[in-house]
Amino acid sequence: MSIKIQEVSKTFGRFQAIKPLDLTIHEGEMVGLLGPSGSGKTTLLRILAGLEQADSGRIFFSNKEVTQLHVRDRRVGFVFQNYALFRHMTVADNIAFGLEVLPKSQRPSKAEIKSRVAELLDKIELGHLGDRYPAQLSGGQKQRVALARALAMQPRVLLLDEPFGALDARVRKELRRWLRDLHDELGFTSVFVTHDQEEALEVSDRVVVMSQGQIEQQATPEDLYHQPANRFVYDFLGQVNVFQGEVQGQRLQQNQAWVAFPHGSQVTPGQLYLRSHEITLAREPDARAHLPLTIKAVNLIGAEVRLELEPQGWEADDLWEAAISHAEYNAWQPQRGETCYALPMNGQLFVEQQEQPQRLNWSFQEKTPGLALA
Amino acid sequence: MKHQQRIADQPWLRRLLITLAVAAIGVLLVVPLMAIFAQAFSAGAGVFWDNLTDEYTLHAIGLTLLVAGLTVPLNLVFGTFLAWLVTRFDFPGRKLLITLIDIPFAVSPVVAGLLYLLLYGSNGWLGSWLMDQDIQLMFAWPGIVMVTVFITCPFVARELIPLMQQQGASEEEAAITLGANGWQMFRRVTLPNIQWALLYGVVLTNARAVGEFGAVAVVSGNIRGETNTLPLHVELLYQDYNLVGAFTSASLLAGMALITLLLKTLLEWRQHKVTH
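Quick note, the sequences are listed as chains A and B, same order.
FYI, the numbering used here numbers position 233 of the first sequence as 233, with every residue one higher than the one before it.
FYI, the numbering used here numbers position 83 of the second sequence as 83, with every residue one higher than the one before it.
Certain hints may be false.
To be clear about the criterion: a stretch of chain B counts as covered by chain A if any three or more of its residues have a C-beta under 8 Å from a C-beta of chain A, and this derived list gives those stretches [claimed, not checked]: (1) 171 to 179; (2) 182 to 189.
Between beta-carbon pairs, the in silico distance windows are [claimed, not checked]: (3) A/S138 <-> B/Q167: 15 to 23 Å; (4) B/S108 <-> A/S56: 49 to 57 Å; (5) B/L100 <-> A/F15: 21 to 29 Å.
Bear in mind the hints are in silico, worked out from the structure with no lab data behind them.
Beta carbons: idealized from backbone N, C-alpha and C, even for Gly.
Whenever a hint applies, use it, and build me the whole structure from the sequences.
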């Protein structure tokens, strides 16, 4: 079932939770609503479910208007952030609830309900826990029961509010893969809310980034990461190194530190945003940049070695971060307190008053030091 | 385990405090309670029985049961609706309403009785109009029920509001998204979650409805065999120097109080078990 949102807005008292926005979600798609708290993502999800009434705008499910349709008639599956399992019912009764409240004419027989519940319990791999109460389950188990309860009604749309928010990192990873598999197997349309960019980028077909009640960008995870529409999206999607400078000749300069503009780029003052994988570290500066940094911390845990770096003789709001491979680390053996130089490969230049960044690329100059102005 | 010396860890002080507390409870609570039953039976079980089956006593018992029987269901429904309203909906004046619920606790029952008398008495604003319609509320059982409802209306709501606030609305929302209608949601989700608190509220409401003296005294008119509730009856008998009779009726109220306490403890234990 596809979902179309037209000019939907919502205010709570004087707070505008959602500014009028449009969004289309295709049949069978898995969309992540990503944003910081207060960005309106949960409100939007609740409006889709009918738990909240929009102030204006229209909502369509498969081209049929549902704006005025009551929650219980929208037939969407909703998974709540705190699971919202019925605490006085067993796991099996929780899952059976939706079937048991059906009007008599549509309700399956007792035996049918029982076999449906058993089937779902197997699907969530909790077949042996049907008689337990929610309080006796772990967080990950509760979340799976909540999913099974929503899926019992075989909804064509599944809405999930921070589905993995309260779980620890390992269970979280496992559950989101499981959810993705389930989505692919059953083919429903899913929308989930998260503030975790990694989660959104890993699971979604498409990510909708929201802030302050509006959509900042909607794109595939790949496009979002490589072509952020604006500064907010760029900032929100992960750690970023910022260099702010004025134009001097062909360089972006701050005190003694500078970055040379690559050939063919527009020379303007602004803020240069560099992801940690978009820079390399060297013992000496070259023609691309002169960015001296002091090594503050070395973190060896993980696939790469991460270095925290403090600007030397120039300023940035946050420490810089860079990653090098373990092989590089072993060859170089950087120590805390040592000086090194950052060299850019790719980056985005944000210019005052301009939403869209300018993409800069130094890679073809890499092997030709001295060609750029020095 | 390292033992930290706290004030009460000095054995003599601990013993002294415990003795004092037990003595105070004995003198202030247990002895008077025993005295009620001792006095009631002081002239033998036969006299106790005669006093109990006295025409006016039986009528007082009946009237008290009628008042409690009407008050409890009324406030059960009212309290549940009120708690539902203030915990599940956000509207202007919600905080004010929560504060207003406590008025019957804050106002002296005698004042409450007087207010009703002024409003509904034969010279009152509404009372004079009612008089013209030939409806008498004050100095009759409807008046007694009205003030008792007023005095006891916070009990159920006050028990439910904190619990329902803590539980939140998400289970109910889940029930609705799963297709339940309003009644199914209330019966299968809301009610099981609040049932013990609700019963607790009912027990307290009932205890107060049976025992209320001040407000009832103002509006009842103390007509023996007509508008005399059990607490009023105790006072009348006492003024008649019928001590044994007064204590017989009082022992009924005391027995009722003991049962209430027992129920209350049971319910608290039960609720604790459910939520933990």
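Hint by hint, here is what the structure shows:
1. Against chain A, the region 171 to 179 of chain B contributes 8 residues with a C-beta closer than 8 Å to a partner C-beta. That satisfies the three-residue criterion, and the hint holds.
2. Against chain A, the region 182 to 189 of chain B contributes 3 residues with a C-beta closer than 8 Å to a partner C-beta. That satisfies the three-residue criterion, and the hint holds.
3. In this structure, A/S138 and B/Q167 meet the distance hint of 15 to 23 Å, their C-beta atoms being roughly 21 Å apart.
4. For B/S108 paired with A/S56, a C-beta distance near 52 Å keeps the hint of 49 to 57 Å intact.
5. For the pair B/L100 and A/F15, the supplied restraint of 21 to 29 Å holds, since their beta-carbon distance comes to about 27 Å.
Going down the numbered hints, you'll see the structure goes against none, and every one checks out.
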